[in-house]
Amino acid sequence: GAVVSQHPSWVICKSGTSVKIECRSLDFQATTMFWYRQFPKQSLMLMATSNEGSKATYEQGVEKDKFLINHASLTLSTLTVTSAHPEDSSFYICSASGTSGHNEQFFGPGTRLTVL
Amino acid sequence: GNSVTQMEGPVTLSEEAFLTINCTYTATGYPSLFWYVQYPGEGLQLLLKATKADDKGSNKGFEATYRKETTSFHLEKGSVQVSDSAVYFCALTPNSGYSTLTFGKGTMLLVSP
Chain A
234 GAVVSQHPSW VICKSGTSVK IECRSLDFQA TTMFWYRQFP KQSLMLMATS
284 NEGSKATYEQ GVEKDKFLIN HASLTLSTLT VTSAHPEDSS FYICSASGTS
334 GHNEQFFGPG TRLTVL
Chain B
5 GNSVTQMEGP VTLSEEAFLT INCTYTATGY PSLFWYVQYP GEGLQLLLKA
55 TKADDKGSNK GFEATYRKET TSFHLEKGSV QVSDSAVYFC ALTPNSGYST
105 LTFGKGTMLL VSP
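Same order as they appear, the protein sequences are chains A and B.
In my numbering, each number is its position in the first sequence, counted from 1, plus 233.
In my numbering, each number is its position in the second sequence, counted from 1, plus 4.
Worth flagging that the hints you see were computed from the coordinates, not collected in a lab.
Note that the structure is a prediction, hence the values are computed from the model and not measured.
For each residue, glycine too, the CB sits at the ideal point set by N, CA and C.
Mixed in with the good hints, there may be bad ones.
What the hints assert, rightly or not - Not everything, but these chain B residues come out facing chain A in the computed CB check (under 10 Å): (1) Gly33; (2) Phe38; (3) Tyr40; (4) Glu46; (5) Thr104; (6) Phe107; (7) Lys109.
As the list claims (entries may be wrong) - Sample of chain B residues lacking proximity to chain A, with all beta carbon distances greater than 10 Å (derived): (8) Thr30; (9) Glu67; (10) Leu105.
What the hints assert, rightly or not - Here are the simulated lysine to any residue pairs, SDA-like style, with alpha carbons at most 20 Å apart: (11) B:Lys72 / B:Ser62; (12) A:Lys299 / A:Thr315; (13) A:Lys274 / B:Asp59; (14) B:Lys109 / A:Lys299.
Just need the whole structure built from these sequences, with the hints factored in.
This is the structure in structure tokens:
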């Protein structure tokens, strides 16, 4: 149980285009979803936290208009990187937690974004 | 604020060697403590956890004991395998009803045959 998927697993796009990454909880209802960014050989940086049906809460320094997060249902959250640039290239990881897993997040496998 | 400090890597060991990865934390109240493992090219997987002082989390031969007096949660394994090569993250969440994780910087483990 507690499986989280991400799609796509990797994506290459041209500079200036937008990319959407999906995060799904497959077997539980995710009341809260988290989006992280991980640079090579570094830890995970929390970008934002989203609760179903509410606006996402962004961490300091993360551009809301650059990284659009939607959490429209209890099983799906999306992260859209708008007008992507090479510096946005990174590994993006989502996680989800539900009412049954107090204090525990379940992580997706991550999405490798490369912006040319 | 909350913080987690891990020993810097990489940690390089031969197969069947004993492993210790140190982790200390700073937090208010009584946090829950976690170890996550990340294999190359993959997301994070929960390895073990402990939710209160003196609890021992264990999984796949790995162990860690929640030591409130030393604010530590060191990861140990008696005999590592090549397949244990990965990055290990220590993390905590406050026990306030929120599940926001604070991660350490991660420690890479390399195990050679």
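Hint check, B:Gly33 versus chain A [nearest Cβ-Cβ separation less than 10 Å] | 12 Å, violated
Closer than 10 Å between Cβ atoms is the bar; does B:Thr104 clear it against chain A? Give me holds or violated.
-> 7 Å, holds
Given the hint that B:Lys72 pairs with B:Ser62, test it: the Cα-Cα distance must not exceed 20 Å.
-> 18 Å, holds
Within a Cα-Cα threshold of 20 Å, do B:Lys109 and A:Lys299 meet the stated pairing?
-> 25 Å, violated
Taking the minimum C-beta separation from B:Leu105 to chain A, is that value above 10 Å?
-> The claim is violated: B:Leu105 sits with its nearest Cβ about 6 Å from chain A, within 10 Å.
Does the CB of B:Glu46 sit less than 10 Å away from some CB of chain A?
-> Since chain A brings a Cβ to about 6 Å from B:Glu46, closer than 10 Å, the hint holds.
Agreement of hint B:Lys109 with chain A interface, Cβ distance less than 10 Å | B:Lys109 check passes; min Cβ-Cβ to chain A is 5 Å, inside 10 Å.
Taking C-beta pairs only, is B:Thr30 more than 10 Å away from all of chain A?
-> 16 Å, holds
Is the straight-line distance between the alpha-carbon of A:Lys299 and that of A:Thr315 20 Å or less?
-> 5 Å, holds
If you take the shortest Cβ to Cβ gap from B:Phe38 to chain A, is it below 10 Å?
-> 8 Å, holds
Does B:Asp59 lie within 20 Å of A:Lys274 when you go C-alpha to C-alpha?
-> Cα-Cα ~30 Å, so violated.
Under 10 Å, Cβ to Cβ, is where B:Tyr40 needs to be relative to chain A, so tell me if that hint holds or is violated.
-> Holds, about 8 Å.
Figure legend: structure checked against the earlier numbered hints; hints not met, in rising order: 1, 10, 13 and 14.
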